[in-house]
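Peer 1: For reference, the chains in residue letters:
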Amino acid sequence: GAGVSQSPSNKVTEKGKDVELRCDPISGHTALYWYRQSLGQGLEFLIYFQGNSAPDKSGLPSDRFSAERTGGSVSTLTIQRTQQEDSAVYLCASSRTALGIQYFGAGTRLSVL
Amino acid sequence: AQSVTQLGSHVSVSEGALVLLRCNYSSSVPPYLFWYVQYPNQGLQLLLKYTTGATLVKGINGFEAEFKKSETSFHLTKPSAHMSDAAEYFCAVSDLTGTASKLTFGTGTRLQVTL
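The listed protein sequences correspond, in order, to chains H and D.
Count the first sequence with the numbering used here and you get residues 61 to 173, in order.
Count the second sequence with the numbering used here and you get residues 14 to 128, in order.
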């Protein structure tokens with residue numbers, strides 16, 4: 061596609077449920093990032109994938125958060141046992157190279173009730 | 014560790030007036046600096062970036078920013094505001110340690126443009 065695509069655009073879940081958020085990066089982009097945008101914390105880095113290298117998970121807030129990137133393309137961010145503080149907009153970005161300009165998707169708005 | 018401070022969470026200007034959004038950064042290495050704009054229910058769009066070279070950087074939609082190392086600043090300006098400029102603006106610094114380009118963002122400035 062022409063841009064970074066994220067699905068779903070909105071997700072409402074109950075506390076304690078697991079959720080999966082999907083990101084389709086721009087074709088040919090080797091680097092993929094996940095960020096979280098919340099009222100209390102602003103925009104914060106979560107995790108980064110580059111090619112076949114091990115991901116940089118340094119921004120994940122707890123072990124309930126995990127992500128994978130299959131075939132160097134689509135990525136899924138999984139949040140287990142969701143908590144109300146997980147409510148936020150989750151943004152995905154991709155770049156052509158590790159140091160390239162990051163292009164952002166529209167995000168997934170997660171609401172945990 | 015890197016950090017970004019944006020002074021003023023809300024800025025209001027009249028249409029046609031100068032826009033000035035302030036950004037100060039802290040970095041232990043030469044920084045790469047960015048301004049992104051976010052319209053409601055949309056992702057972030059890059060306005061402009063500074064890497065090396067010329068310190069005055071021109072971006073899209075008539076915006077520009079000047080890197081001032083002595084002041085650790087990267088303020089965003091536009092000579093004449095337009096109603097369509099109303100959005101939230103984020104300043105960011107890039108962490109280029111290792112192989113990643115992780116962005117550290119400021120808290121954002123919401124720009125309101127009035128008639």
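Worth flagging that the hints you see were computed from the coordinates, not collected in a lab.
Hints may contain errors.
What follows is a list of derived Cβ distance ranges for each label pair [what the hints assert, rightly or not]:
1. 134(H) with 71(D): 18 to 26 angstroms
2. 159(H) with 82(D): 42 to 50 angstroms
3. 28(D) with 113(H): 45 to 53 angstroms
4. 157(H) with 127(D): 36 to 44 angstroms
5. 156(H) with 73(D): 12 to 20 angstroms
6. 136(H) with 23(D): 30 to 38 angstroms
7. 132(H) with 42(D): 42 to 50 angstroms
8. 42(D) with 157(H): 26 to 34 angstroms
Some, not all, of what chain H presents toward chain D, calculated at C-beta under 8 angstroms [as the list claims (entries may be wrong)]:
9. 99
10. 114
11. 125
12. 159
13. 166
Remember, it's a predicted structure, so these values are computed and weren't measured experimentally.
Every residue gets a Cβ at the ideal spot worked out from N, C-alpha and C, and that includes glycine.
Peer 1: Mind listing which of the numbered hints don't hold for this structure, in increasing order?
Peer 2: Result: hints 1, 2, 7, 8, 9, 10, 11 break, sorted rising.
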